[in-house]
Amino acid sequence: MMAALADSFLAAARGLPLTIAIWGAGVATGLVLGFLVAAIRFFAPLALSWPLAMAVEAVRGVPFLVQCFLLYFGGPFIGIDLSPIMAGWVALSVYGAAYFSEVFRAGFLSVPPGQLEAARMLGIPRHQAVLRIMLPMMALAVLPSLANLAVILIKETAILSIITVPELTFRVQGVGSATFAFAETTLVLALVYWALVEATAWASRHTERRIARALAA
Amino acid sequence: MTAPILSVRALERRVGDVEILRRIDLDVMPGEAIGVIGPSGSGKSSLLRCIAGLDAVSGGEVMVEGRRTQPGDGAVGMVFQHFNLWPHLTARENVALALRLVRKMPAAAAAEKAEAALARVGLAALGGRKPAALSGGQQQRVAIARTLAMEPRVLLFDEPTAALDPELTTEVLDVIRDLAAAGTTMLVVSHEMGFIARLSTRVVFLDHGVVVQAAPPAELFAAQAEPRVRSFLQTYLDRVAWARDA
Chain P
4 MMAALADSFL AAARGLPLTI AIWGAGVATG LVLGFLVAAI RFFAPLALSW PLAMAVEAVR
64 GVPFLVQCFL LYFGGPFIGI DLSPIMAGWV ALSVYGAAYF SEVFRAGFLS VPPGQLEAAR
124 MLGIPRHQAV LRIMLPMMAL AVLPSLANLA VILIKETAIL SIITVPELTF RVQGVGSATF
184 AFAETTLVLA LVYWALVEAT AWASRHTERR IARALAA
Chain C
13 MTAPILSVRA LERRVGDVEI LRRIDLDVMP GEAIGVIGPS GSGKSSLLRC IAGLDAVSGG
73 EVMVEGRRTQ PGDGAVGMVF QHFNLWPHLT ARENVALALR LVRKMPAAAA AEKAEAALAR
133 VGLAALGGRK PAALSGGQQQ RVAIARTLAM EPRVLLFDEP TAALDPELTT EVLDVIRDLA
193 AAGTTMLVVS HEMGFIARLS TRVVFLDHGV VVQAAPPAEL FAAQAEPRVR SFLQTYLDRV
253 AWARDA
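Taken in order, these protein sequences are the chains called P and C.
Going letter by letter, the first sequence gives residues 4 to 220 in my numbering.
Going letter by letter, the second sequence gives residues 13 to 258 in my numbering.
Extracted from the complex, chain P is given alone in its bound form (with noise of 0.2 Å):
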């Protein structure tokens, strides 16, 4: 047992790295997506932000698992093959950017359309006006939600490991399925990602509290 134990914690340490590095991957493509996703929806006429608000519904709508199978297998039939670490970065990426975009989108509708109003009158044009009053107004009331989310996203990282992507749950597993100690396995697993998650939390709120101060200062 205690073998099983060390085991997993060897396999953990050598599938951490992969983890974090696809989740932060996924988590900086996932902002930027969203982003322009939301800023389309809110800036751009409905033609176009209709079906971005579809694609947003679809993925939202589809268990990220299903998802993954979708990119991972699906792909290669319509010319997409990718390689397992590739089809995880891409398919947390959108994931990620369908829930940032609805965070980034009630973030442009916070903010006061009399703002706006002032800046116009004064003759502020809208692109400054956005750059300069919009988006940092909208900041503070979007990071305490984008940082939630960000954390949650690394728990949906184990999900990669049903397309073989040899991060945390995959390298565990198969410590599991050699030894059948699965409960081990399992527990060890669990550990790790609760610390990972917590460790994550703490470092957001503390680059929360920073962004804000910035921004108040």
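In case anyone wonders, no lab produced these hints; they're calculated from the structure.
Here a beta-carbon is modelled for each residue, glycine too, at the ideal position from N, C-alpha and C.
The reader is advised that the hints may include incorrect statements.
Take a look, some chain P residues computed to stay more than 10 Å from chain C by CB distance [said to hold, decoys possible]:
| no. | residue |
| --- | --- |
| 1 | Ala9 |
| 2 | Ala24 |
| 3 | Leu49 |
| 4 | Arg63 |
| 5 | Pro79 |
| 6 | Ile83 |
| 7 | Ala121 |
| 8 | Ile127 |
| 9 | Phe185 |
| 10 | Leu190 |
| 11 | Arg208 |
| 12 | His209 |
| 13 | Thr210 |
Taking beta-carbon pairs under 7 Å as the criterion, some of the chain C residues facing chain P (in silico) [said to hold, decoys possible]:
| no. | residue |
| --- | --- |
| 14 | Leu66 |
| 15 | Leu113 |
| 16 | Phe233 |
Result set (SDA-like, lysine to any residue): computed pairs, CA atoms no more than 25 Å apart in a straight line [claimed, not checked]:
| no. | chain 1 | residue 1 | chain 2 | residue 2 |
| --- | --- | --- | --- | --- |
| 17 | C | Lys142 | P | Ala142 |
| 18 | C | Lys142 | C | Ala193 |
| 19 | C | Lys142 | P | Pro116 |
| 20 | C | Lys142 | C | Arg165 |
We have chain P already, so just place chain C on it with the hints.
Chain C in isolation, oriented as in the chain P frame:
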């Protein structure tokens, strides 16, 4: 005879089937202070927002010095009921932002001009504060300074004290009165009847989107023949009746 600085011709605004403003005609001479009064929903704010160009008009036109106006062209400045300051910027930055982005002034010159505008509304010492660290009256004075700094030809005040506690209205009304005394052309929508009576060169009474009466305050507030104006003013007299009896 000088030409009007602002002229409103047959101005109409409809939203669906509702007529908000019905063929409003108004000429404002340079240096005039026009008080706009009337019951809630009579179209006072809509009139200001149409003059500003913030609300679309269904007919007629608004000209400042003979030119059709657009929001942001510098002809008209607007002070809003809820100040609409930008909360992430200091008072000075609120005033300086448009100077930098629109007038293309260097940062130092813009800050200097912002300080001068803040001094004009009695806030010389508070330029470094964020709106959240200012009282409502101070916030509204920053908003006035922000508009003044861009030197519009006509100033519009849309219920500038309606969002303020009563004891904070005086400082804002004093600033507006000083501006009027200095010859600023303005239209002021307000429910502060005493203030409107003392400030205005003419008072416009609106009801259901129509100018019922436009007259110097001495005439409009005097014993009224026009029943709608009389019943409107009576509600204000009733409200201060306790003070007169005392």
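Going back to the hint list, which numbers does this structure go against? Per hint list: 7, 8, 16, 18, 20 violated.
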